[in-house]
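Peer 1: Read off the chains here:
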Amino acid sequence: MRETYAIFEKEFKSFFYSPMAYIVIAVFTALTGVFFYLYLSNFVEAAFMDQIRAQQYRQMPQRFNVNIMLIRPYFWNIALISLFTLPTITMRLFSEEKKQGTVELLYTSPITGVQIIMGKFLAGIAFYIVLLIPTMLFQALLFSYGDPEFLPVLSGYIGLILMGSAFISMGLFISTTTENQIIAALGGFALSLILWVIGWGANYAGPTLSPVFDYISIINHFEDFAQGVIDSSHVAYYILFSFFGVYLSLKSIESVKWRT
Amino acid sequence: MIEVNELTHYYGLKQAISNVSFKVKKGEILGLLGPNAAGKTTTMRILTCYMPPTGGTATVGGYDIFEKSMDVRKITGYLPENPPLYNDLVVQDYLEFVAKIKGIEKSRIKEEVDSVVEKTSIGDVKQRVIGKLSKGYKQRVGLAQCLLNNPQVVIFDEPTVGLDPKQIIEIRELIKKLKGDHTVILSSHILPEVEQTCERVVIISDGKVVAEDTPENLTARMRGSERVLLEVDGEEKIVKDTFTSFKDIISLQVNKSGAGHLKVVVESKSDLRKEYAKALVKKNIGLLEMQVDKVTLEDIFLHLTTKEEEV
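Residue numbers (numbering that gives the first Met the number 0), protein chains in the order written: chain P, 0 to 259; chain Y, 0 to 310.
Honestly, the hints are just simulated from the structure, not real lab data. Even for Gly, the Cβ is constructed at its ideal location relative to N, Cα and C.
Not close to chain P: a few residues of chain Y, all C-beta gaps over 10 Å, as computed:
#, residue
1, Gln195
2, Asp232
3, Val253
4, Asn283
Quick look at which bits of chain P chain Y covers, simulated, 3 or more residues with Cβ under 8 Å:
#, stretch
5, 5 to 13
6, 98 to 110
All chains, please: the whole structure from these sequences, using the hints.
Peer 2: Here it is in structure tokens:
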């Protein structure tokens, strides 16, 4: 446990020692910020137009639901931006160690592969949570000017973190297979994207494959979280997925030890 | 302390080492000598449990590298050829991290780190980022890392490669200080280095152990003949005649050097340096330089391999 924490701590700290982390945070915040602004403007405009219309026709203005019109699509957006961003976090997790030769230190220290992988995996998740903080601040603005429901926001973040950990476990696995960070990032990105769009393929697959594709698709399981529903089957999907990714990473570093 | 038994390792189909066996006693410094790609690093990586061998066994401190891998790691410090440093970290943080993954208790970490910092004299760069340090300091930080937790067995892979002469001497002094308390294996392809620091030498060539002895004995084995290098100023023919007049000469080579002088390599059964000087001066040839050829690793290799072929 202490060793896992040592790896976690070192990994989390070194995110912030490299300029990469700040660029990732800046880009992520800028993108999520722009989308937040657009959705908000859209929402305000729609509400405003409705008010004018209501005055013209002397009707009661409609009640617009912030949760449905703003928060829900916004979570989808964050999920999509995460898909592009997370590979840049996971790419260095193992590839850098391989490149710098520090794997020799890790593999000859009295720590197990599980401790190394878990430390790195958890550090990835922790960094993702840091990435999400600005978006929480954006949404906090909604609470100070309006009265959205809180629980769907909470479930949205739980969903994001679960989905993020699935992406991270996969990126980590790709990172253990190469010492080239670019390949690790592209590989992680490609795999995430395939798992994302495989749900579309379900429409064209046969009756047997269709539900399988639907189930595998990583984004289908996010839908309920964005709507404020925490379904244990979706939670199980993401946890199993992460577990699988972590397991593959572990096997990957063990096989590298045996092959070299 | 360390027993290596018929280690064999293949990288795919390529054999890196075959049937390597040797023993190291407690407190001894053993030099692993060999040219590049001879299998030194492979042997060391197996001993440090970085990877398992294809065949054979080894024990370190009585622990089997297969069955008690974690115990072996606990008592071993390893400095790979490229020191395993995180370039973004500050030296102090790096050493604390290594101390933690080596399983040193929290209360002892500060004390342990301070002690290796002092041993390797890197106190003045403790707060600097590793990536910005010079090669010599990086090597010392690597050394500090490997000495954490006071390991019984220390394994260095070419610890002086790429350092300037002053740094090389410092690192060697440091390694010599480890003698007694620690059992050390050191790899190198520089013979003088091994001569100065090690008590025993194992020579590896093409993945096989070709010799195992003390440095003195190895060099003595080489001293079957005396080789002298000279630089003289004179006519080539006269110079040749002068040397061939000696009875004990085994071989003679005369070449033109860049400055219009002659370079002579002469090998004889006994030490004839005085006679050479006298004879040259008598014939009015300018004697510019004379030195005894130092025995190099290549010579020992040539010597050993040719001898084996004769057998």
